[in-house]
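*Asks:* These are the residues of each chain, in order.
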Amino acid sequence: MITKANIDKRMLPSQEMSRLGKIEKIWWSFLIVLFCVGLYSIISGYFLQGMSSTYLSNIVPWGGWVAFYIYFIGMSAGSFLLSTLIYGFGMEKFERIGRSALLSAIVCMITAVTFIFFDIGRPDHIMNSVIYWNVMSTMSWEIHFYIVYIALLVTELYFSMRKDLIKLAKGDNFKAKLYRLLVGNKQEFTEADHARDRKRLKVMGMIGIPLAIFGVHGGTGSIFAVAKAQPFLNSALFPLIFILSALVSGTALSIAIYVIKCKVKRQELDVPMVRSLGSMLALFLGIEFIMVWYEYLVGIYGLGHEELGTIKLLTGSAWWWSFWIFQMGLAMFFPLIILFIKKTRESVNWILAASIMTIIGVVGVRFNMVVPTLIMPKLDGMPAGNYYPNLSEWLTSFGLIAMCLIIYTIGEKLFPIEESDSHENGVNVYE
Amino acid sequence: MVLKAKGSLEPQDYDMLANNFVSDAEKVLEKSPYDTKLGINMARDARNVLSGKLKIEDFHTVYSASLLKEFGDQYASGPEEPKSKKEKGPKWGMVIDLKKCVGCDTCTVSCKAENRTPPGMSYNVVLETLSGDFPNISLVNLPRPCMHCDKPPCVQVCPTRATFKLENGIVAIDNDRCIGCRYCMVACPYGARSYDFGDGYDQEMTGYNDVTSPEYGIERGERKKGKIPEETVRKCSFCYHRLQRGEEPACVETCIGDARYFGDMSDPNSVVSKLAASPRAFYLKEELGTKPRVVYLR
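Protein chains in written order, with full-length UniProt numbering: chain A, 1 to 431; chain B, 1 to 298.
Hint data in this document are derived by calculation from the structure and do not stem from the laboratory.
Ideal placement from N, C-alpha and C gives every residue a C-beta, glycine not left out.
One thing to keep in mind: the hints can contain errors.
As the list claims (entries may be wrong) - A partial selection of chain A residues facing chain B, derived with a Cβ cut-off under 10 Å:
| # | residue |
| --- | --- |
| 1 | Met51 |
| 2 | Met136 |
| 3 | Met382 |
Claimed, not checked - Chain A stretches covered by chain B per the calculated footprint, using a threshold of three residues with CB under 8 Å from any CB of chain B:
| # | stretch |
| --- | --- |
| 4 | 57-66 |
| 5 | 120-127 |
| 6 | 228-239 |
| 7 | 370-381 |
Stated by the list, open to error - Take a look, some chain B residues computed to stay more than 10 Å from chain A by CB distance:
| # | residue |
| --- | --- |
| 8 | Ala18 |
| 9 | Val28 |
| 10 | Phe59 |
| 11 | Ala65 |
| 12 | Ser194 |
| 13 | Leu275 |
Please model the entire structure based on the sequences and the hints provided.
*Replies:* Below is the structure:
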């Protein structure tokens, strides 16, 4: 058992602190270098050359950034739905990951919006999307839903942390001052406050579920699914697959964050919780597989020229690896096998491996939703497209992913994301 | 100054001559079963209306009572009300006769010249496909402008209402509002929309950047980095700026085989309406229900 070993190996606090400091230094320098490279590429590419800095064309107008945008939207909606299990339905065994799921939902949402911001040709016109609301447009609805959703997430995170914020507001350092500002000079956190905050969280979780499903994630799926010009996307199952793969990636992300964080800090792991999260991941993967199966079955059975062409592009063209290795391998079968065999599904390390595989594989899933259908010519005689992200697009993407991790790390360091009473044995970094 | 010839006729004299050919109103009207006096008065006032001395509305108020008395049910009062504003004016449409198309791409070239589209963008293309096996092969040329659908998917999806349907049937783009998200390009079933990546021919063609095409009648002057319409979506506008000056779209005017027709689809007697009613007529991707305004004749 890893946890026992961790306890046995526990070092002296000072040694532990210096080890953590070293890891943190490496982590920060890695992220900052990556972010700076990304920033350079954004300025030299996007801001100085515009969209011609990408490999996009008139045939494939959406590419890597759109894929990453839906990837992060998915992770956000998935993490959030997981957190509603705790705050909305009172599944308290997952309590430990509640706040971190909310924080990652916020951070992923910010990253997703940043990705799509850089995919827009005229950032100077961006406010038009709020001013001129086209009620017929799914995308227009999405933009408004995202705003409400981020507001809801931030409020929910605030109320879930309020107890600890009040507790930690006594002091003279920067954090205590910040917390005092946030809680508005509230001194005591009474039982009544606790009950009220619980209720608030429950209500927000309940509002959040339809918002995340219909508004944010199903809605983002609908952006693609309503395009009848793209027969491969134009199916009623598509938004559902979107939601399911959101749940898959959100659960995997929560597992990965929790396990990695505990391992780095050498804290005791809640093994039963990780296991039950693992079986939840398996359940979501299983449902997703069923949906994908029927989506492809019905698609192929229709013998539609464009549908067949797109599936052929996915499975047998130069991009085959994206489908077979990433989508079907890393984001479907490997984790399913790991989570199915008794020996591996009980081991935290294997569950972590399955989660990381899923997180990486879903990138491929998202690319496969965007690119192949656009490569397929819309009319006979039109040229087939070709697309893979160029260096500038990759660097920007990595920079924005680094930004995502930076914001998450800052959030973790700045706020009591971990339940303070959940690690009485470990080193409490907030004191 | 021309001297008047002696004995030449004055204008009144011509009137007299003309009057001799006009039959006497009183005599003619007497034969009819209706009121003679009313007829003569109405004729006089009708001339006043024509010469602008009397308003048509006053004419109707003056005579409506007597007319109702005289003609009863047969009398319909008042001038015809103009129908709802939407039905006014032409509804543009295009007919492309594929039997007459020779695949010369003149439409594409003239479209590029007219709209000054950057590299990689052409509002109009001619799609060529070979069908059949050798030696029984045929080459199909399919010119494809924007279909200006009556139910346009691009208008449906635009998050900012930057693309919209005009009353005259044209699907227009407001480049000053477009945010460049390219959703309309994904939603268009005909691939008729392009994104202006900001490229130009200025390196091989002097003066290319001197002027932007006056699409929708908007003079934008020099084409410069970051200036509209760069980084927004563009497409065929049926040469709206040419229509405004009473000219046909460039592709219609230059088509060497006269394969393209352009006109008012709301007028049942127009050439395009008659051709669109032909049994040869079909639409691209009709099954999607987009109701294109471009009709093909096979």
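*Asks:* Now look at each hint and say whether the structure bears it out.
*Replies:* Outcome of the hint check:
1. Because the beta carbon of Met51 (chain A) sits about 6 Å from the nearest beta carbon in chain B, less than 10 Å, this interface hint is met.
2. About 5 Å separates the beta-carbon of Met136 (chain A) from the nearest beta-carbon of chain B, less than 10 Å, and the hint is met.
3. A hinted interface residue such as Met382 (chain A) counts as satisfied when its beta carbon comes closer than 10 Å to some beta carbon of chain B; here the least separation is about 6 Å, so the hint holds.
4. Requiring three or more residues with a Cβ within less than 8 Å of a Cβ of chain B, the coverage given for the stretch 57-66 of chain A holds, as 5 such residues are present.
5. Chain B is given as covering the stretch 120-127 of chain A, and this holds because 5 residues of the stretch bring a CB closer than 8 Å to a CB of that chain, at least three being needed.
6. Look at the stretch 228-239 of chain A against chain B: 3 of its residues bring a Cβ nearer than 8 Å to a Cβ of that chain, three or more, so the hint holds.
7. Against chain B, the stretch 370-381 of chain A contributes 6 residues with a C-beta closer than 8 Å to a partner C-beta. That satisfies the three-residue criterion, and the hint holds.
8. The claim that Ala18 (chain B) is not at the interface with chain A holds, since no C-beta of that chain comes within 10 Å of its own (minimum 64 Å).
9. Under the 10 Å C-beta cut-off, the non-interface status given to Val28 (chain B) relative to chain A holds; the minimum distance is some 63 Å.
10. No beta-carbon of chain A comes within 10 Å of the beta-carbon of Phe59 (chain B); the shortest separation is about 48 Å.
11. Residue placement check: Ala65 (chain B) keeps its beta carbon more than 10 Å from all beta carbons of chain A (closest about 51 Å).
12. Distance to chain A contradicts Ser194 (chain B) as a non-interface residue, since its nearest Cβ pair spans about 4 Å, not more than 10 Å.
13. Non-interface status of Leu275 (chain B) relative to chain A is upheld: no Cβ of that chain comes within 10 Å, the nearest being about 22 Å off.
The structure is inconsistent with hint 12 alone, although it conforms to all the rest.
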